[in-house]
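Asker: Using the sequences and the accompanying hints, generate a full structural model.
As given, the protein sequences belong to chains A and B, one line each in that order. Each residue of the first sequence is one higher than the last, beginning at 340 in our numbering. Each residue of the second sequence is one higher than the last, beginning at 1147 in our numbering.
In short, the hints are calculated from the structure, not lab data. Zero decoy hints are in this set.
Quick partial rundown of chain A residues pointing at chain B, CB under 8 Å, derived from the structure:
1) Gln424
2) Asn444
3) Ile509
Label-pair ranges, simulated between beta-carbon atoms:
4) Leu1193(B) / Met669(A): 57 to 67 Å
5) Val1319(B) / Asp385(A): 31 to 41 Å
6) Lys674(A) / Tyr1451(B): 31 to 41 Å
7) Thr656(A) / Gly1286(B): 54 to 64 Å
8) Asp385(A) / Pro1279(B): 23 to 33 Å
Covered by chain A, per the in silico footprint, the following chain B stretches (three or more residues, Cβ under 8 Å):
9) 1203 to 1211
10) 1300 to 1310
11) 1387 to 1394
This one's a predicted model, so the numbers in the text were calculated from it and none came from an experiment. No residue lacks a Cβ here, since even glycine has one placed at the ideal position from N, Cα and C.
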Amino acid sequence: MLMSGTTRRRTLAILSGLSLAAMGWSCQTEAASKPARIVAIVQSLDTEYNVLWANAAKAHPALSDGTATLTILDGRMDALNQSNQFDTALSQKFDAVIFIPVDINAGNDPVQRAKSAAVPVIGSNTLISNTSLYASYINSDDVQAGSILAKSVLDRIGGKGNVVIVEGMIGQSAQVQRLQGIQETLKAYPTVKVLETKTANWSRAEAQSLVENWITEHHGEINGVIAENDEMAVGALNAVKAQGLDPAKVAIAGIDGITDALLAVKRGESTSTLQDADAQAQGAIDLALRKVIGEGYAPRAAVWDVNGGKLAWAGGTAQHYSVPWIPVTMQNVDKLLAMRKSQ
Amino acid sequence: MSIVTSKSRVSSNTLAATIGHYLSTYGIVLSFVILFVVLSFANPNFLTSINLLNVLRQLSINGILAIGMTFVILTGGIDLSIGSILAVAGVVTGSLVTQQDPHNPLIAALAAVGVGAAFGAVNGALISRFRVPAFVATLGMLSIARGSTLLYSGGRPIPNLTPEFRWLGNGFVAGLPVPIIVFAIVFVLSWVVLRFSVYGRWLYAVGGNSRSARTSGIPVRTMIFSAYVIMGALAGLAGLVLTARTTSALPQAGLGYELDAIAAVVIGGTSLSGGVGSVFFTLIGALIIGTISNGLDLMGVSSYYQQIIKGTIIIAAVLIDRMRNIDP
Chain A
340 MLMSGTTRRR TLAILSGLSL AAMGWSCQTE AASKPARIVA IVQSLDTEYN VLWANAAKAH
400 PALSDGTATL TILDGRMDAL NQSNQFDTAL SQKFDAVIFI PVDINAGNDP VQRAKSAAVP
460 VIGSNTLISN TSLYASYINS DDVQAGSILA KSVLDRIGGK GNVVIVEGMI GQSAQVQRLQ
520 GIQETLKAYP TVKVLETKTA NWSRAEAQSL VENWITEHHG EINGVIAEND EMAVGALNAV
580 KAQGLDPAKV AIAGIDGITD ALLAVKRGES TSTLQDADAQ AQGAIDLALR KVIGEGYAPR
640 AAVWDVNGGK LAWAGGTAQH YSVPWIPVTM QNVDKLLAMR KSQ
Chain B
1147 MSIVTSKSRV SSNTLAATIG HYLSTYGIVL SFVILFVVLS FANPNFLTSI NLLNVLRQLS
1207 INGILAIGMT FVILTGGIDL SIGSILAVAG VVTGSLVTQQ DPHNPLIAAL AAVGVGAAFG
1267 AVNGALISRF RVPAFVATLG MLSIARGSTL LYSGGRPIPN LTPEFRWLGN GFVAGLPVPI
1327 IVFAIVFVLS WVVLRFSVYG RWLYAVGGNS RSARTSGIPV RTMIFSAYVI MGALAGLAGL
1387 VLTARTTSAL PQAGLGYELD AIAAVVIGGT SLSGGVGSVF FTLIGALIIG TISNGLDLMG
1447 VSSYYQQIIK GTIIIAAVLI DRMRNIDP
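Answerer: Dropping the structure here:
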C-alpha cells in the first residue's frame, strides 16, 4: 500500500498522463522496494469456474513470499461494473491488471484506458475482441473447445442423429468461439440435424428448464446435447433424468471440469473437458509479474515448461499463451476430484 | 436545507416527533460524513481527486435512476421495471449510432429518453387509470421490457458505436466526466421542481393523502401518471449513459438495478408509503451506496461481504427511522 502523501500521488497521477517514461521509472522503484500490486477483475464470483480461478490465483507462491499482493474485484456479470473497477484500479496505481471480461466488446475500452495509463493488462480465460491491447494473454482455445465438445457427442451417437445446442451468454468470447468450433465440426456431418440452439446464459437452472422443454417438444428424438459449459451440461443431465430418460442413451457433453461434471463423468453419464483454472490464473500472475519486475523474474506456476509443465514460458514475453485442454477420463477423474478438494 | 414534510403537517404530528424525524434524516448525512472520514483514513487512495471523480461517475447511473424512483415513491408507488427499461433504451439508442449506421448522438439521446418515457407511460397508465397495483404493473413491465430488449437486439450486444456517442459516457467537460454532469443537471432540476414548483407541492400532497388531494382539486391520476413517465425517461437517460460508457449496447445491462435505486431512496429516508422525502436525501443515499462499494473495493473486501453490508445498511436506515418515530 502506498504510504506517500497526497501531493506526491497527485503529481504521480499527472506524470502518468504526461510521460510514459516517468511512469515506468516510478513502477520500477516501487517494485524494488515494495511488493508488486496486482489486481484481478473477474467476471463473477457466483460461478464455480471464476471461484476456482480466484482460489488458484490466491495460492500463487509469489503472494505468500511477499513478491506481490493480489486484490480480486468481482465484476458481478456487469460490464459497466467492470469498467468502473478499471477506473478504481487505475486511481489506486496498481502495477498490473489481470482481466476476465464479461463482454467481448465492452471490455476493449477499459483495457485501452489502462494501456494509455501505462498499466499492463494481462488477459485470462475469456477475452476482449481487440487482443492486441493486452500486454499478454493466457487462455485455452475456445474454438478448439467447441470442436472437442461436438466431437465427443458425435462419437457417442455414431455420427448420426439429432442434437441440441445449449449456448452460453451471447456476446462473450467463450460463447462466440465455442459455437464457431461446434459449427465447424458439425459441417462434416451433414446427416446430423440440429433441432434447437438457444442460450441458457451459462446457468444450470436455465439449462435444466430449457432442455426439459425441448424433451417435451421433441420427445424421444434428441440423441445428444452439446452444452457450451459444464454448468449447463449438468442442467441438461438433470433434465434428462427428471424426464425419466436414461442418461446413457442421450450423449451429453460440457466443458470446464466443474465438480458436478467430474462426478457425472465418474458415473458414466456425460463427458467433460477440464479447463485448467490453475494454469490460467497462476500463469496470468507470472505474466503480470514478468511485466512489472522484468527479465529477472522466474515464473512459479506448474504449467510452464521451465517448471516441468506443458506450456512454453518463452521468456514470458510472448503475446499469447494457449493452455491445453485436459480431457476428463475414467483414468484421471479420481485424481482431478482429489485435487478439487484442495482448491 | 430543510425537507418538505407535508405529511407531518397534514397529520399534525407532535413537535417531538418532528424533531425526531429531522434527527433521523440528518443522521443519514452524518453517517455519510463519518463513512467518508473513516474511508479517507483507512485507505490512502480514497481521498484523491481521481478517485472521488471515479466514485461520482460510478454512482451517476444509479443516482439518475434513484432520483426518478424518488418521484414514484413520493406518490406511494414503486417501479421495478427500470433495469429493463434502461436496457431497452440502451439497445435502441445503440442501434442508432453504430459505425455502419451513424446518426447524430443527439437523435440517439432523444430516442433513449423517448423510449424510456413511452415504457414509463404504459406503467403510469396501468397504475393511474386502470388501478393495477404499481408492484404488479411494473413487475410485468420488468419482463416485457427485458423481452423487448432481447427481441430488438436478437439477444446480441451491439458493438462498434461511434466515438461521438461514446463521449457521452467517457468524455469530459472542464475536467468533469460527462456522466457526472448529466447526473448533476438531473439532480438540480428535480430538486428545484420538487422544492419550489406547484407540481412538486402537488406530488407530495398526492403521496401524503390522495383523498384530500383530490378534494382540494389536484389531478391525482395525472400526477401519478407523470411520476412514472419521469421515471421512465430517466431510466432511458441512464441507459444512454450506460451504453456510451460500456461502448456497446448490452441486452443484459441493468439487471437488478431497480434494487440499488430503491435502496438509495430508502436509505435517504423517503417513506415507501409516500408523501415524505426529498431528492437531496436520495442523493445522500446514492452517495452512501456508491462510496461503500468503492471503499470496500479499494480495501479488497470480498464482494460476498459487500452484499451483506449493503443489505444491513438498508435495513438499519429504516430501523433507526422507525425507532426515532416510535420513541417520543
